[in-house]
Structure formats: structure tokens, C-alpha cells
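Sequence order for the protein chains is F and D.
The numbering used here numbers the first residue of the first sequence as 1 and each following residue consecutively.
The numbering used here numbers the first residue of the second sequence as 1 and each following residue consecutively.
Don't read these hints as lab results, they were simulated from the structure.
As the structure is a prediction and not an experimental result, all values here were calculated from the model.
We treat Cβ as the ideally placed atom computed from N, Cα and C, and that holds for glycine.
Each hint should be verified, as a subset may be incorrect.
What the simulated footprint calls covered on chain F by chain D, stretch by stretch (three residues with Cβ under 8 angstroms from a Cβ of chain D suffice, anywhere in the stretch; the number is not a length) [claimed, not checked]:
1) 150–164
2) 223–230
3) 282–295
4) 333–342
Residues from chain D that keep clear of chain F, each with C-beta distances beyond 12 angstroms, as calculated [as the list claims (entries may be wrong)]:
5) L29
6) I67
7) I76
8) Q97
9) C113
10) R203
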Amino acid sequence: MSNVKARPRATRGTPSDPIAALLTPEGVLSADGERQAGVSDEQLRQLYRLMVVCRHLDQEALNLQRQGELGMWGPIAGHEATQVGATLALTPGDWIFPYYRDFVIAVARGVDPAALLTWYRGLTYAAWNPLEYHLAPGIIPVGSQIPHAVGFAMGCALDGERVAVLVSFGDGASSTGDCHEAMNFAGVFRAPVLFFCENNHWAISVPLREQVAGRIAGRAAGYGFPGVRIDGTDALSVYAIVRAAAERIRNGQGPYLIEAVTYRLGPHTTADDPTRYRSEANLEPWQTRDPIQRCAERLRARGAWDERFEAEVHAEAEERAVDMRRTLLAAQPEHPGHIFNLVFQNPPDALRRERDEFTASLEPTGG
Amino acid sequence: MTTVMTTVTLGKALNLALHDALHDDPRVLIFGEDVGRLGGVFRVTDGLQAEFSDRRVFNTPLAESTIAGIAVGLAIKGFRPVAEMQFDAFSYPAFNQVTSNVAKYHTRSGGACPMQLVIRIPYGGHIGAIEHHSESPETYYAHTAGLKVVTPSTPADAYGLLTAAIRDPDPVIFLEPKARYYLRQDLDLAVPPLPLDRARIAREGTDATVIAYGPTVQVALAAAETAAAEGTSLEVVDLRSLTPLDIETLAASVRKTRRAVVVHEAPVFMGLGAEIAARLMHDLFDVLAAPVERVGSATVPYPPARFEKLFLPDADRVLEAVDRTRQY
């Protein structure tokens, strides 16, 4: 069984890295760091609001799967702070290359959650237009989106754009060759890319200690850029550090790596059975570090939380969950032959003929 | 434009196509291992970095998966990447990127993100190399939906196909017959871009059709020359495009000759010849005078250099296959 520590110790970036200096050894914004970051009460309330909404949406998606309405679902509980914090910290011009568990990132970017679930419902492959949201498709082959982000970022640099490109991935993906290769490329080409590892301690059943011997954040030094390990259950810390790192990247100071340490509170997907590989005892220290509770505590400490706000947020969350269910269940599948139109921009005649044969095969034969 | 005939090698024709693409389209980028100052191990990118700067023609770290992976990202950004894999079997580390991302991104993005990119791969044998330098991986790519796969056999086609591949909005696997890099041809450098889905009749004939592509077109033409001396007229079809297959051109030829032999360096088992034979048999069952013959390598790893000639198709093996179709 895993004996993970609930309190991540921060891995400092290079000595001259002012971002690392904002953090305590535990990877949380220090009091001084919080003052420097200057995150307003309203911004913190916005983080809280979106985290609560996304937890409701996540729970509703789980319900939909259990009711047979979705083929599968990968719960995001435990990732609210990493995904909401990182997404809201970026500007709309920044791009995000997410992985498959980044439901919250998509919602935070403005994608209709029901549209996103049509992917899990098997109605479509394309849940959103990447160009509209500056959000690449969530990639299933683990880690293979990381080189895409680096290439895209290299292109932004060639075009002289002041853009940061965030690519997210899990602790499992950090083992892939693509992750190492892409970080190396980013270092060599000084690509404006922010590597954002959502370390949730589990790659399906494989615990972090069987996945990674050293520190993921520590790898950045080997690729020639700074990296920090932060507390990924604290939305404020995630928000402030991602915002600072993205600004550094936009200023042309090269790539950056953030390892946001959190915990996957649920199963890998609805097809998974975590009781086979981890006990309740593993979960306990992390349940006390629930991202939503932590954010509420921060709001209370600032005097920025009250019952009315809480009630309002929950009402909104419930309404959006109901709306998501209704929209999803009303969603129509694409025409089954539509996939033929999506293979190429300029399809060869042979494919057009295959499409026509397929379409004809759907017609009633009349016999 | 005045017509100037110049003698160029196939490798130089590729170099000229890359040069002209860089010149004509500021979004074209060229990258890969050693493509910069060295000009590539086969010198196909010779001089391009000096002329177009290291922003547009650049070396990458030695990591094929991410060479293909950054091509995806650059294509999303609206660039037209032309990536080089140094050798056929060195393209395999990029296989996941090519099959799972390059080939599928257009579909996955609902058509919003075209993959206007080219991956150049020198392939095939006859260079006396140690293992991994001489393979023919075309079936892997041809079998993957979402890719276009083309291969030239002459300098003129090298220029015309590569120009078209770079301009095409879809991902193209561009297979270069490395043993033919030094094949020479007199050509007018104003070669027009070629369609990416049409075969070419390389030699007209009446008694049997020899279907070849890339490095084996020369083998087929040599066989046709010998056959002609023996009084047999062979038609040679150069596929040019492996995906899609130009079945119309193949069928028209075989309808005339009633006999077909497919020649490739890849192993016969599950090779492109299997698909071609199946299609011809299906479409021309009543016309064929004999089963379609296939000539290729054995189902073994690419053999050591000392033996490669015994495994690769040569004119004699092609002629023996033609004889089998005529004696059936």
C-alpha cells in the first residue's frame, strides 16, 4: 500500500527563481507570497464558485454513468483546485493542451459541460472547437499531448506572440518518453510552455512511489529551466503560481514546470475498483485537505465568506448540473457517416466512395 | 517562364522542392536530426538553413516521437512543418504520434485543426547498411486511416510530389527511395505539382502489367527492357500514391494485359501487394488470365547487407513472376 505523505515538500526552483520564493517549504503561498500575489477576495470567490460548480457537475456525470447514460466517466474529485486554479490564472489568449481528466479545465474555459459529455456518451469525437476556446482536445494516449504543446509554443514564439501555452498531464504521464522528450525540446528551444503536472498519486492502480523515484519538479533542472512543487489542493497557491509562471513565460524567459500535488479521491474511471489496491486509510489525510474546504477556509480567514454566498454558489451548481443532464440527454448523435467527412480536409475519391457505400448501407433495403 | 533542362538527381530534386516551398510559403518549416548545417545525412536539406535561417530550418534533439509531436503542435498553430525521420526504422519511435495524433487530429478536432504537415522518411535497401537502415515500413502507414502516403521514383516526380505534399492540407507520409537519391534525370525545373492520388504509366505494354513504386520502379523497367528483347511487352505502372490507391489506373492497365505482378521491397506477407491483388481479383475476376503474382522480401528481419540482394526484388525475379502469369 502506498505510504504517501499528505504534505508535499516544495522543490525549489533555481536560486534566482522569484516564483519559488513565494512558497513555503510545503509548497503553499507564504504570507509574504500571498501579499505579493495580490489575489483579490473576488478572485478567490470566483475560484471557490467554479470549484463547487465543477464538483456538482462531476457528481452528476458520475450519476449519469451509473444510470447507463455515459459509457464511462473519469471522476475529477481532488483535481478542482489544480484545474480551476490553473485555468483561471491564464489569459484567454493563452492556450491549454489538456489530458483526459481535465473536465474542469474545459468547463473553466467556457466549454458547455454537456457538449463535453457527448464525447463520453459516444456521440462524437470532437466535443469542442479547439480554436474557439484555445483549448486542444483532451488526449487519451498518455503523455502524447506534451510534444504538441511544445510545438505549438515554438510556433507562438516564431510568430512573436506574447502567449503562454500550458500543458497538463498526470504523474503517470511523467514517465512517458514523450514527456521527457518534450521537456528537453522545450529547454533547447526555450519554448513558451508551462508544464503543469497534476500529481494525484495514482496512475490507475500504480502509486506514485512505484512510478517516480525522484521529484517530478526536480527534473526541470536537467532540462535547463526552473520547476516548483506546489500544494495542488490549495486553489489560491495554484492560481498565484500559475499566473506568475505564465507571466514569466510570456516575458520570454523560457519554459517552466509546476508539479501540483494532490490526490485522486475517486477511482481512475468508473471501470476501476480502487478497493483492490488502496485502503480508506490512504484517503484520510487527503479528505481533510479537500480543495473546496481549503478554499472556504481561506475565504473565511479573509472575512470573505458568508452563508448567503455559499447558498448562492450551491444553487448555481445544482442548476448547472440539472441543465447539463437535460442538454446531454437531448443531444443528438452525429450522422454515422459524418466521420468520413472528418478524416481529411481534402478527401481522396476512394474515401468518398467508401462514405457513399456506407451511407447507402444505412438505407432500408425495402426487402 | 523559359524552359531550362537541367540534369538533377532525385535527392537534388527533393532539395529543390524544399527550397521552393520555403521560398514560396513563409509558413513552411523544416526540421529533424542533422537537417541544419550538415544538410541531412543524405544532404537532402543541403544549403537550406544557410539560405532560410535557423528559424525555419533547424536541427532537433534526437527524439523522433517529439519531432512528429511538435509537427502536430506547429500545424495547429498554422505552420506547414516538413519533418525528417533520418531512416525508415528510426521512424518507429514516432509511431504513436503518427498513428494516434497526426492521423486522427483532424477528426478529433471536428475538422478545426488540419494537419498540414509532411513527414519525410528515406526507406528501402540496396545501400549495404547495418540493420534498421533499410526497411520498407509503408504498410504500417498505408494501413492507418487519416494519412496520405506517397513515394516518388524519379527526380521529376520527387519534385512534383513533394511540392504537392507540402501544399496539401492533410498529413502526408513522404517515402523517399534512398537507393535512388542519385538517380539522374534531365528535367525542366518548372515541374508542376502532381496529384497525390494518381498512378503513372511508366512504360506502356500489352502482355502483363508490372506494378511497382519507389525503388522497385527501376527494377520493373529493367525487367521490361529485358522482356522486350525477348519479345514480351510489359506495362509498368508506378503507383506514386500508396494511400489512396489509384485502382482505376491499375484496373485499366490490367484490363488490357490480363496479367499483373506487384513488386515491392517489403515482405510479401501483408505487404501492399496483398491489397492490390485482392482489389484486382475482385474487380477483374473475369478478366484476369492468371492469379496476381507478388514479388517482395521474405518474412524475415531485413537481412545483413551481404545477402540483401538475394531477398530484394530484381529483374530476374520479376520476369519469373511474369512467366508464371503467362504459363498459368
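Now for the hints, and whether the structure bears them out:
no.	hint	result
1	150–164	holds (count 9)
2	223–230	violated (count 0)
3	282–295	violated (count 0)
4	333–342	holds (count 3)
5	L29	violated, 8 angstroms
6	I67	violated, 9 angstroms
7	I76	violated, 6 angstroms
8	Q97	violated, 6 angstroms
9	C113	violated, 6 angstroms
10	R203	holds, 25 angstroms
In this structure, the earlier hints numbered 2, 3, 5, 6, 7, 8 and 9 are contradicted, and the remaining ones agree with it.
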